[in-house]
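Residue numbers (our numbering), protein chains in the order written: chain G, 1 to 75; chain P, 76 to 237.
It is worth saying that the hints were derived from the structure and are not from the lab. Predicted model only: the values in this text are computed from it and were never measured. Ideal Cβ placement from N, Cα and C applies to all residues, glycine included. It is possible that some hints are incorrect.
Taking beta-carbon pairs under 7 Å as the criterion, some of the chain G residues facing chain P (in silico) [unchecked claim]:
no.	residue
1	Gly10
2	Leu11
3	Asn12
4	Pro14
5	Ile17
6	Leu18
7	Arg21
8	Phe49
9	Gln52
10	Thr53
The calculated DSS-like cross-link candidates involving lysine-lysine, where the alpha carbons are at most 27 Å apart (straight line), are [stated by the list, open to error]:
no.	chain 1	residue 1	chain 2	residue 2
11	G	Lys22	P	Lys81
12	P	Lys129	G	Lys19
13	P	Lys81	G	Lys9
14	P	Lys129	P	Lys176
15	P	Lys81	G	Lys72
16	G	Lys9	P	Lys170
If you want the building blocks of each chain, they are given just below.
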Amino acid sequence: MADATLDAKGLNCPLPILKARKALKDVADGGILEILATDPGSVADFEAFCRQTGNELLEHSEDGGTYRFLIKKVA
Amino acid sequence: MSAEEKSMSIIVTKGSLDWAYPPFILATTAAAMGLPVTLFFTFYGLPLLLKDLKLQVTAAGNPAMKMPMAGMHMGLPNLLTAVPGVDAACSVMMKNLIKKKGVASIEELREMAVEAEVRMIACQMTMDLFEYDKKDMIDGIDIGGAATYIECATQADINLFI
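Work out the full structure: start from the sequences and follow the hints.
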């Protein structure tokens, strides 16, 4: 279960990534951040973000236009 | 800092509302992804460092500028952009559209860039040329010339000209 949730619904690029970066700072190593977004571009963006930063994208799903990401803080 | 960490620099040469977005979006996103970033503001990019941003956009000479209006994409004839107040009105409309779509304002992006420790350099020559005062600029910026930028660029993996 997530240690923290970031509601980025209604926000457009690059805000979901920028806010996620900020939110991850407050998550302990190994902790999980849940992100909710409506920006369809955020799917590719979060995959790239995780590949680049070494954080782990545990899962992502979509429900009626809202995307949900679970990111585990690694670095 | 791993040995494979990439870095980026951007020369920012334009300062209209639309052209302000690429450098700030790229800089903040790159910083969020762990890259050290330097922005070098020169010529018309320099006003992007002013404390008081009064960014405008114009449809003049911009044939690709077609805004969503009444279900279509519409442009503005160049002749109309010469009418006083039209550019200002277009700028307000653009800012409203940006806000409505949940896109960050330039002020917000710039603040995030500062917070992310993006290095921002103001071109000394441009400051002299266009008579800009450092006290009118935001805090935390460096001032430098071409050599400062070149040194930066030789060390950066990604160098962009916007």
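Given hint lysine 81(P) paired with lysine 22(G) - CA-CA distance at most 27 Å: Between lysine 22(G) and lysine 81(P) the Cα gap is close to 20 Å, so the pair holds against 27 Å.
With 7 Å as the cut and Cβ atoms as the points, is glutamine 52(G) at the interface with chain P? Interface hint status for glutamine 52(G): holds (4 Å vs cutoff 7 Å).
When you check the alpha-carbon spacing of lysine 129(P) and lysine 19(G), does it fall within 27 Å? Holds. Lysine 129(P) to lysine 19(G) sits at ~25 Å (cutoff 27 Å).
Holds or violated: is the Cβ of leucine 18(G) closer than 7 Å to a Cβ in chain P? At 5 Å from the nearest chain P Cβ, leucine 18(G) passes the 7 Å test, so the hint holds.
Does lysine 176(P) lie within 27 Å of lysine 129(P) when you go C-alpha to C-alpha? 20 Å, holds
Please check whether phenylalanine 49(G) passes as an interface residue: C-beta within 7 Å of a C-beta belonging to chain P. 6 Å, holds
What's the verdict on lysine 81(P) and lysine 9(G), does the C-alpha distance respect the 27 Å limit or exceed it? 30 Å, violated
Taking the least C-beta to C-beta distance, is glycine 10(G) closer than 7 Å to chain P? OK, holds: glycine 10(G) within 7 Å of chain P, min 5 Å.
Do the numbers back the hint for arginine 21(G), that is, is its least Cβ distance to chain P under 7 Å? 4 Å, holds
Minimum beta-carbon distance criterion (7 Å), threonine 53(G) to chain P: With a closest approach of 5 Å, the threonine 53(G) hint holds.
Once the shortest beta carbon distance from proline 14(G) to chain P is found, is it less than 7 Å? At 4 Å from the nearest chain P Cβ, proline 14(G) passes the 7 Å test, so the hint holds.
Against the 27 Å threshold, does the CA-CA distance of lysine 81(P) and lysine 72(G) hold or violate the hint? 23 Å, holds
Checked against the numbered hints listed earlier, the structure breaks hint 13 alone; every other hint is satisfied.
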